[in-house]
Amino acid sequence: MSKPVIATASLAGCFGCHMSFLDIDERILDLIELVEFDKSPIDDIKKFSRPVDIGLIEGGCCNAENVEVLRYFRKNCKILVSVGECAVMGGLPAMRNTISLKECLEEAYLNSPTVAPEDRLIPADEDIPILLDRVYPCHEIVKIDYFLPGCPPSADLIWEALTALIQGRPLRLEYELVKYD
Amino acid sequence: MPDKIKFTVDGKECQAEAGLTIYEAAKANGIYIPVLCHFEGLKPVGSCRICSVRVNGRWMAACTQPVTPGMVIENSSPEVEEYRKAIIEMLFVEGNHFCPACEKSGNCELQALAYRYQIMVPQFPYLFPKKEIEAFPKFLLEHNRCVQCQRCIRAIQTPDGKKVFAMKNRSGRVRINVDRKLAARLSDEQAQKAMDICPVGAILKKEVGFRVPIGKRKYDRQPIGSDIEEKK
Chain A
1 MSKPVIATAS
11 LAGCFGCHMS
21 FLDIDERILD
31 LIELVEFDKS
41 PIDDIKKFSR
51 PVDIGLIEGG
61 CCNAENVEVL
71 RYFRKNCKIL
81 VSVGECAVMG
91 GLPAMRNTIS
101 LKECLEEAYL
111 NSPTVAPEDR
121 LIPADEDIPI
131 LLDRVYPCHE
141 IVKIDYFLPG
151 CPPSADLIWE
161 ALTALIQGRP
171 LRLEYELVKY
181 D
Chain B
1 MPDKIKFTVD
11 GKECQAEAGL
21 TIYEAAKANG
31 IYIPVLCHFE
41 GLKPVGSCRI
51 CSVRVNGRWM
61 AACTQPVTPG
71 MVIENSSPEV
81 EEYRKAIIEM
91 LFVEGNHFCP
101 ACEKSGNCEL
111 QALAYRYQIM
121 VPQFPYLFPK
131 KEIEAFPKFL
141 LEHNRCVQCQ
151 RCIRAIQTPD
161 GKKVFAMKNR
171 SGRVRINVDR
181 KLAARLSDEQ
191 AQKAMDICPV
201 GAILKKEVGF
211 RVPIGKRKYD
221 RQPIGSDIEE
231 KK
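First to last, the sequence lines map onto chains A and B.
So the first sequence is numbered by this note's numbering: it starts at 1 and just counts up by one.
So the second sequence is numbered by this note's numbering: it starts at 1 and just counts up by one.
Certain hints may be false.
Said to hold, decoys possible - Below, in silico cross-link-like pairs of lysine to aspartate or glutamate (EDC-like), each with a Cα-Cα straight-line distance of 16 Å or less: (1) B/Lys130 x B/Glu94; (2) B/Lys218 x A/Glu176; (3) B/Lys218 x A/Asp181; (4) B/Lys193 x B/Glu40.
Said to hold, decoys possible - Pair ranges (Cβ atoms, derived): (5) A/Asp43 x B/Gly215: 31 to 41 Å; (6) B/Ala184 x A/Ala164: 50 to 60 Å; (7) B/Glu230 x A/Arg172: 20 to 30 Å; (8) B/Ala184 x A/Ile130: 40 to 50 Å; (9) B/Ala101 x A/Lys102: 20 to 30 Å; (10) A/Ile99 x B/Lys4: 53 to 63 Å; (11) A/Asn63 x B/Arg170: 33 to 43 Å; (12) B/Ser77 x A/Glu107: 46 to 56 Å.
No lab work stands behind these hints: they were computed from the structure.
Given the structure is predicted, the values throughout are model-derived calculations rather than measurements.
Just so it is clear, CB atoms sit at the ideal spot from N, CA and C, and this is done for glycine as well.
Sequences are here, hints too, so could you generate the full structure?
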């Protein structure tokens, strides 16, 4: 039987969840025995080359590209997991959700004291992904199957969830594994 | 003792003195009923409903309802637990609870309740309401995190008995209001007390932060309520 295939993505996140994933330390050797990786920033594969069993999503959706990548993952992954606070609830980027997008852009590119007068311009190049009105948790864009909270979720939680999914067994959630910070 | 009241919680025979609330009576029997707005020593108001139990088939707030003989109390049936989880989730989506950026994280009772129930994601959509932060000489009032438990209203008074905190507006627009003149008279100890009595990170004492390292905070290792359950 072929190994389960895993893919990962970092949307509006800080890569902290990926770092926490790598924090499984020597278990990474077991992981290589257990699974194969497809599209992921870890191996720099840009496009899906086969159907994926488990997709791990870090970060919420703050722009059109995030939404596109997320939908691309949903289409190609049997199971999609929101990993970390940003994917689960928008996280720190979602702090802008109570401020209008116009106000955010004006503050960053026009009114901020660090912007030189000649640089006052809101970027609107067509190559730059367009920003959404607010930051969306992943499950408000596509169906998400499982959620791992934490900023970041501990390596132990990611490992436990991943191995449980691969082995098809229920999660063993110790109290200390579920944290929001 | 002749005046002990007999009742059951989840089928367990319990006894308690007359005059206690259901929450207190259960606690005396080593049973934890989760509470949020309630705080030992303050007059209970029953505003958050997290302590809801079913008594003889009817919903009651355990922090305000006195225990009476023969009560059949449901505290941990799936229906009661799901009801409580829903309330916790509603509190999370109704405010802006960015736990990773909150100073109270690890010591927060709302978060601790969510940990106890191992809530991975709320079942309701996030509302991201627009709320403000107010600054006072000794403390900050973070309306984004306030759950309107009214603990501060009940606990914090000036030496001459005037309340510093009060409720303002109604329904969905309800919020805590502070008397600026009285707040300016608060001592450091009172500001600390206000922060400690706040179950979430809505009241923060100024000029001190993140004092307790991760791993040593109140709910890092032990679920909320485990101190009551250990006394069994």
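Going through the hints against the structure:
1. B/Lys130 x B/Glu94: It holds: about 10 Å lies between the C-alpha atoms, which stays within 16 Å.
2. B/Lys218 x A/Glu176: holds, 12 Å
3. B/Lys218 x A/Asp181: Distance of about 14 Å is within 16 Å: holds.
4. B/Lys193 x B/Glu40: Judged against 16 Å, a Cα distance of about 14 Å means the pair holds.
5. A/Asp43 x B/Gly215: 31 to 41 Å: The hinted range 31 to 41 Å holds for A/Asp43 and B/Gly215, with Cβ atoms some 33 Å apart.
6. B/Ala184 x A/Ala164: 50 to 60 Å: holds, 54 Å
7. B/Glu230 x A/Arg172: 20 to 30 Å: Given about 23 Å between the Cβ atoms, the range holds.
8. B/Ala184 x A/Ile130: 40 to 50 Å: holds, 47 Å
9. B/Ala101 x A/Lys102: 20 to 30 Å: Holds, at about 24 Å.
10. A/Ile99 x B/Lys4: 53 to 63 Å: The hint (53 to 63 Å, Cβ to Cβ) holds, given that A/Ile99 and B/Lys4 are roughly 58 Å apart.
11. A/Asn63 x B/Arg170: 33 to 43 Å: Distance hint for A/Asn63, B/Arg170 holds at roughly 38 Å.
12. B/Ser77 x A/Glu107: 46 to 56 Å: holds, 50 Å
Figure legend: structure checked against the earlier numbered hints; every hint is met.
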